[in-house]
Amino acid sequence: MDRQYWDSLADNYEENLLEISREDLEGALADELSALRGEDVSVADLGCGPGSLLPLLVRYFNNVIAVDYAERLLNQARRRCRSRKVRFASYDLSEGRKLPFKVEVVCCINALIDPDRNKRAGMLRSLRSVMQKKGVAVIVVPALESVFHVYHTLRMIRERAGGMDGLGLREAERMLRAEVQSFSDGIVRVGGTLTKYWLREELITCLKEQGLSVQRIRKVEYKWSEEIVNPPEWLNEAPPWDWMVLCEKSTAKLSGERSN
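Count the sequence shown with this note's numbering and you get residues 2 to 261, in order.
It cannot be assumed that every hint is accurate.
The calculated label-pair distances, taken between Cβ atoms and stated as ranges, are [stated by the list, open to error]:
no.	residue 1	residue 2	range
1	G39	E174	48 to 54 Å
2	D93	M157	42 to 48 Å
3	A239	K99	38 to 44 Å
If you're looking for bench data, these hints aren't it; they were derived computationally from the structure. C-beta atoms are modelled at their ideal positions from N, C-alpha and C, and glycine is treated no differently.
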């Protein structure tokens with residue numbers, strides 16, 4: 002996914018990528034950020050997109066760095082949040098370079114979605130490079146388990162309601178196979194774009210390999226209407242979700258890493 006791709010996404014960003022800061026049912030992300038707040042605590046939003054998280058960040062932090070690679074998305078973010086607390090910067094995070102700043106809190110919200118494994122690893126290296134020694138990263142990613150949960154729920158709707166609601170077995174199998182391009186790699190077609198979805202254990206293992214130790218993992222739940230058109234009124238439990246992790250730098254030194 003290059004700059005041209007992300008720029009092309011700018012016009013329909015909200016349609017293609019769920020804006021967690023707006024759709025988070027239980028306020029899980031806001032809770033975590035509120036707990037990390039502080040007058041002297043700086044935060045970076047890596048892969049900030051059109052800036053949907055920035056109004057929340059300026060509420061809790063006085064120094065905010067918003068980073069993205071797409072100029073059109075950065076321009077949208079500038080218009081969305083004009084606070085003097087925010088500084089904007091353009092970097093290609095997928096290159097894995099060390100960025101020229103350090104912060105206490107790093108946010109990476111639905112940005113680790115490139116189907117290219119190497120580019121995702123590069124983003125995590127860039128993320129780790131900006132973390133203070135005792136810094137914290139808040140990472141949200143699409144949950145692959147949730148995709149299967151949605152299709153299973155559509156099957157249950159058909160069985161419970163009958164008629165044309167939900168999906169029959171063959172239809173669900175056909176649609177699932179069309180949407181999930183790779184079950185083993187977790188690559189899902191979203192709005193025509195191949196997007197990485199994560200298994201819980203896969204995410205924990207990947208972060209560990211990049212020198213990040215998971216301290217807590219929880220669900221960020223969102224409304225059924227984001228996945229199912231006109232969901233039945235009785236469908237109000239076990240909603241779809243993304244994974245959110247809080248992690249710190251692990252004490253183990255990565256291969257090739259120099260001491261500060």
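For each hint, the structure was consulted:
For G39 paired with E174, a C-beta distance near 50 Å keeps the hint of 48 to 54 Å intact. For the hinted restraint 42 to 48 Å between D93 and M157, the CB-CB distance of approximately 43 Å keeps it satisfied. Between A239 and K99 the Cβ separation comes to about 41 Å, which falls inside the hinted range of 38 to 44 Å.
Consistency with the previously given hints is maintained throughout, with no hint failing.
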